[in-house]
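Enquirer: Here are the chains, one letter per residue:
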Amino acid sequence: MKNVVASPDCSQNMQPVVLEFRNVSFSYGIAPVLENVSFTIRKGDMTCIVGPNGGGKTTILKLALGLIQPQQGEINLLGSSPPTNVTRVGYSPQYIHYDPRFPMTVIDIVLTGRLGNALKIGYSKADKETAKYALEQVGLLEKMQVPFGSLSGGQRQRVLLARALACEPELLLLDEPTSNVDAASEVHFQEILERMKQHVTLVLVTHDLAFVSGLTTSVLCVNRRVLSHSTGELSEQVLREMYGNDIKLVKHDPMHRR
Amino acid sequence: MSGVLAVLFDPDITLIRYAVLAGLLAGISLGIVGSFTVAKRITSVTGALSHSVLGGIGFALYARSVFGFSWFHPLYGALFAGILSALILSWVSSYAKEREDTAISAVWATGMAVGLLFIARTPGYVDPMSYLFGDILLISKQDLYLIALLDALVLFLTVMFYPKLVAVCFDEEFARARGIPTERYHLVLLLLSALTVVLLVSIVGIVLVVALLALPAALAAQFTRRMTHMMVVASVFSMLFTSGGIVTSYVLDLPTGPCIILLVAGCYYLVLATQYLSISRKKY
Chain E
1 MKNVVASPDC SQNMQPVVLE FRNVSFSYGI APVLENVSFT IRKGDMTCIV
51 GPNGGGKTTI LKLALGLIQP QQGEINLLGS SPPTNVTRVG YSPQYIHYDP
101 RFPMTVIDIV LTGRLGNALK IGYSKADKET AKYALEQVGL LEKMQVPFGS
151 LSGGQRQRVL LARALACEPE LLLLDEPTSN VDAASEVHFQ EILERMKQHV
201 TLVLVTHDLA FVSGLTTSVL CVNRRVLSHS TGELSEQVLR EMYGNDIKLV
251 KHDPMHRR
Chain V
1 MSGVLAVLFD PDITLIRYAV LAGLLAGISL GIVGSFTVAK RITSVTGALS
51 HSVLGGIGFA LYARSVFGFS WFHPLYGALF AGILSALILS WVSSYAKERE
101 DTAISAVWAT GMAVGLLFIA RTPGYVDPMS YLFGDILLIS KQDLYLIALL
151 DALVLFLTVM FYPKLVAVCF DEEFARARGI PTERYHLVLL LLSALTVVLL
201 VSIVGIVLVV ALLALPAALA AQFTRRMTHM MVVASVFSML FTSGGIVTSY
251 VLDLPTGPCI ILLVAGCYYL VLATQYLSIS RKKY
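Chains E and V, in that order, are what the protein sequence lines are. With the numbering used here as the guide, the letters of the first sequence map in order to residues 1 to 258. With the numbering used here as the guide, the letters of the second sequence map in order to residues 1 to 284.
If we strip away everything but chain V, and leave its shape as in the complex, we get (with noise of 0.2 Å):
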């Protein structure tokens, strides 16, 4: 443990320490967004959005290299897809509310899709591996800062709409009788669920996403009751597993993603496992 202490510290390793650092902060947005979609339920489509991500950063890659773009990162170019999906998702759940599924694995394969094409015609060898799995060694400095900027923009727009973006995932007839835009609300949701994902591309990546987004909100879910402590207790469930899996990662050597989702999966199941067995003993 130590070992890794003194990696942690050490000022000529700055991958791990990023990588970390990285973790804490997308951890706030993970928790305040992770409660949104695991109460309203809209898991699925944080899959969309972070799966569609890959279009922009096909994109971005491919315009870096063949039109000189280099200001043209690649979070840039998922952060534009991530909004744009969101922006087709939220005008399908509000005009065709019968046909949200069939939307959400359209905007899914189609972002992978576009993707996909962009990364094979761009010259050089680009690996997407890294992008759909996440891999540390792609978070510099800048990222850094671009990951702060998303949490702070993702902290404004929950403490701004906070009440109202609860009254919507609760009850959407109810907010709507008290005047309240809820198509507007809907889509204030998906925005931050699409920064989210943006945020987290880099250290789990776009497949391994989703479950970071609910698993610590759920288990969050199993000792609060009130939306607020959820998203606490989930931004430090988050915090936990993220850099856990980071320091094992690089203890074990192996992908950092995967061992992040595990450890978070691992605990989800054991807390599933627990309630049953508390619950079946109660019975008899």
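In isolation and in its complexed conformation, chain E is listed as follows (with noise of 0.2 Å):
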């Protein structure tokens, strides 16, 4: 297996460092889950985070939240460690676990969006009016008062969306925001990332890459290592290698040989 770190090009880019991850390493209890990681995301990035299931794509941006400590190595979000600068960060999970019949309506979920730790006594005006744009941005403004479990899955998704730029980010972090969408959102969600990369510094966790490859500017290819991480367009060559190790996975997995 190569290992390779490509260090990005510094004589081409040189934005502000947004997330950086040095030697990072993490386990659940005994199994590791990423050993020695390490890439720069620079501002005005749009990096795609592609690999095989439990390779550690979810858990990269856990980290990046702070909603996990890393064992070993450092992770500098926006200048300092995580959770430090967590509140301009905006996250859109894949799952939630959340009960259905839990009673709060599209506008209300899009609202936590503008929650931070400081005091606050309900919303203000300016919180509901940006709730609002965020919802526009993903289509549901007309949705606003729905309860939340009475949408479809892509509706959801795009709620979870919405609820991620009412942060009003500067580093977006979005787990496969498309994993339950169908092909008509699908198209709605490609054209509101190419509308949001013009804004904010984009992560996006996925294994749908013909989604991702006209918009990506660098892919970080993770199964328990950072197996490549290549600036530019994506590739063919990247694509070919992430392919191939699919089809070897494919090749040595017992159930499949007839």
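A few of these clues could be false.
[What the hints assert, rightly or not] Below 25 Å or equal to it, Euclidean Cα-Cα: the simulated SDA-like pairs (lysine to any residue) are:
1. K197/E x G66/E
2. K128/E x T224/V
3. K43/E x E170/E
4. K120/E x K141/V
5. K143/E x R225/V
6. K40/V x Y185/V
7. K40/V x Q145/E
8. K43/E x E194/E
9. K125/E x Y162/V
10. K43/E x P83/E
11. K128/E x K197/E
12. K125/E x M160/V
13. K141/V x K40/V
14. K43/E x G73/E
15. K132/E x E172/V
16. K40/V x E170/E
17. K143/E x V207/V
18. K128/E x F156/V
19. K128/E x P181/V
20. K197/E x Y133/E
21. K132/E x G153/E
22. K132/E x M160/V
23. K120/E x L157/V
24. K143/E x H229/V
25. K197/E x E176/E
26. K128/E x E173/V
27. K197/E x Q137/E
28. K197/E x G73/E
29. K132/E x T228/V
30. K128/E x G73/E
31. K120/E x Y162/V
32. K120/E x H229/V
Since the hints were derived computationally from the structure, they do not count as laboratory data.
With the hints in hand, could you dock these two chains into one complex?
Expert: Next comes the structure, spelled out in structure tokens:
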């Protein structure tokens, strides 16, 4: 297995560092999830994190947010170790453990993106405007008063994206934003991402390479280690590398040997 | 009915009036905290909190009688035990998440055991039944003031922390990703539950509190889709059920706590049944 950690091309990109992992290792109990992971994401990048299931993609996001702490290594989020600057980050998880009967409407949920640790009695008018604008961005403004539980899977995912946008983030971390989205919504998502790319640094976990190939400025292939970190367009070589890995996985799987 | 009204406004019969007033006051906290506990699905935690309160009540009775602490009202003891249990349970859920249900039953039973032992050693006859199932004869003017005070505290804490409490209930991970110390708000929620449970001890007793906390909120959830609305409707329901139950118990000369609970539970089953019927009718 190759262990290529491409150093970012400094001559081309002198934008400030938004997120940096330096030799980060993390394990749940004794099972290692990430080993010696290093990468740098700069302002304006759109980074795609790809890799097999269980490879540690989501763990990278959780470490960046300070939801979990690494056993080794250092993480720098917007100039300080997480979770210090976490309120400047928007996060949209792949799943949420939510109760479909929880009494919250779509706008209520998007508004929670306006929260921080500061004392706050209710939401301000500006908060409500920001939340509405975020809903408009994902095309769900007309659903604002609808209970969250009554939406389709794709719509829910868009609400979670709006909640992340309502944070007015400098860095946006999206975990599989298209995992249960239908084809029509997917096109919509692509447009949203393209628009957001102008304003924020984006980190996107996905296994849908076709979805991002046109948008991405760098790709991080993760399977316990960072297998490659290529800057620039998602090259054919990286794609082939990933694709090749997948084929090997199938071959080694005894279930498929007939 | 006019007879009932006459009883309520008769200046010589304070008993029923105090009980109804206590119920109306407690209804505010009930609606708010009940909605949180139903939405967050922690009614078993409120069960543990309410039962553990007996430990404090028992200690207060014992201390009053043996050490002569005449100021030590049983509700103070209840308050102390409730807060202690909330601290224990919040500590367990923050630092030993997978064993939360075990801790719930431990707190639940320990509090009851401690309470019964103290009551057993308290000189003179104390009937634990009145604390277990409520006894409106125990409600004095002092209790009303205490209930009003606790009510104000619940309202204050809720207004101060409302958006964060809801966010923590709905999606704890996202709340943490917003820099909110979720453990602290979980504790606030448990403290609110403890306060509410203590409010209700004299009316319905510690065994029946759980139902009175959960069911009006569960009923309200059927008719509302936002947390704030749910709280208001649940408060109104709680007030209706408690005063309705108190009046029923007076008219039929039955224990108050069970009357209130059966009234709430009856409505709850009725709504469930109607819902089931309307769904199955839609299917066919």
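Enquirer: Compare the structure with each hint and give your call.
Expert: Against the structure, the hints:
Annotation: proposed proximity of K197/E to G66/E holds, straight-line Cα distance about 24 Å (limit 25 Å). Taking the CA atoms of K128/E and T224/V, the gap is near 21 Å; set against the 25 Å cutoff, the hint holds. With a CA separation close to 9 Å, the supplied pair K43/E and E170/E stays within the 25 Å bound. As the CA atoms of K120/E and K141/V are separated by approximately 36 Å, the hinted pair breaks the 25 Å bound.
The straight-line distance between the Cα atoms of K143/E and R225/V is roughly 13 Å, inside the 25 Å bound, and the hint therefore holds. Distance hint between K40/V and Y185/V is fulfilled; the C-alpha atoms sit about 13 Å from each other, no more than 25 Å. The hinted pair formed by K40/V and Q145/E meets the criterion: a straight-line CA distance of about 21 Å does not exceed 25 Å. Note on K43/E and E194/E: the hinted pairing holds, with a Cα-Cα distance of about 16 Å set against a maximum of 25 Å.
Of the supplied pair hints, the one linking K125/E and Y162/V holds, its CA atoms being roughly 16 Å apart against a limit of 25 Å. Between K43/E and P83/E the CA atoms are separated by roughly 19 Å; this keeps the pair inside 25 Å, and the hint holds. With a C-alpha separation of about 24 Å, the suggested pair K128/E and K197/E falls inside the 25 Å cut-off, and the hint holds. Proposed proximity of K125/E and M160/V is supported: the alpha carbons are some 18 Å apart, at most 25 Å.
Between the alpha carbons of K141/V and K40/V the distance comes to roughly 34 Å, so the proposed pair goes past 25 Å and is violated. In summary, the hint linking K43/E to G73/E is supported, as the alpha carbons are separated by about 22 Å, within the 25 Å threshold. At roughly 23 Å between alpha-carbon atoms, K132/E and E172/V fall within 25 Å of each other, so this suggested pair holds. In summary, the hint linking K40/V to E170/E is not supported, as the alpha carbons are separated by about 31 Å, beyond the 25 Å threshold.
Annotation: proposed proximity of K143/E to V207/V is violated, straight-line Cα distance about 42 Å (limit 25 Å). A hinted pair counts as satisfied when its Cα atoms are at most 25 Å apart, and K128/E with F156/V qualifies at roughly 23 Å. Our distance criterion of 25 Å between C-alpha atoms is met by K128/E and P181/V, whose separation comes to about 23 Å. Distance check on the hinted pair: K197/E and Y133/E sit about 17 Å apart at the alpha-carbon level, within 25 Å; holds.
For the hint linking K132/E to G153/E, the alpha-carbon distance of about 20 Å falls within 25 Å, and the restraint holds. A threshold of 25 Å between alpha carbons decides the hint, and for K132/E with M160/V the separation of about 24 Å falls inside it, so the pair holds. Taking the CA atoms of K120/E and L157/V, the gap is near 12 Å; set against the 25 Å cutoff, the hint holds. Annotation: proposed proximity of K143/E to H229/V holds, straight-line Cα distance about 19 Å (limit 25 Å).
For the suggested pair K197/E and E176/E, the alpha carbons sit about 17 Å apart, so the restraint of at most 25 Å is met. A hinted pair counts as satisfied when its Cα atoms are at most 25 Å apart, and K128/E with E173/V qualifies at roughly 22 Å. At roughly 13 Å between alpha-carbon atoms, K197/E and Q137/E fall within 25 Å of each other, so this suggested pair holds. With a CA separation close to 29 Å, the supplied pair K197/E and G73/E exceeds the 25 Å bound.
Taking the CA atoms of K132/E and T228/V, the gap is near 19 Å; set against the 25 Å cutoff, the hint holds. Taking the CA atoms of K128/E and G73/E, the gap is about 39 Å. The hint is violated against a cut of 25 Å. Using a Cα cut-off of 25 Å, the hinted pair K120/E and Y162/V holds, with the two alpha carbons roughly 9 Å apart. Only pairs whose Cα atoms come within 25 Å are accepted, and K120/E paired with H229/V is accepted, the gap being roughly 20 Å.
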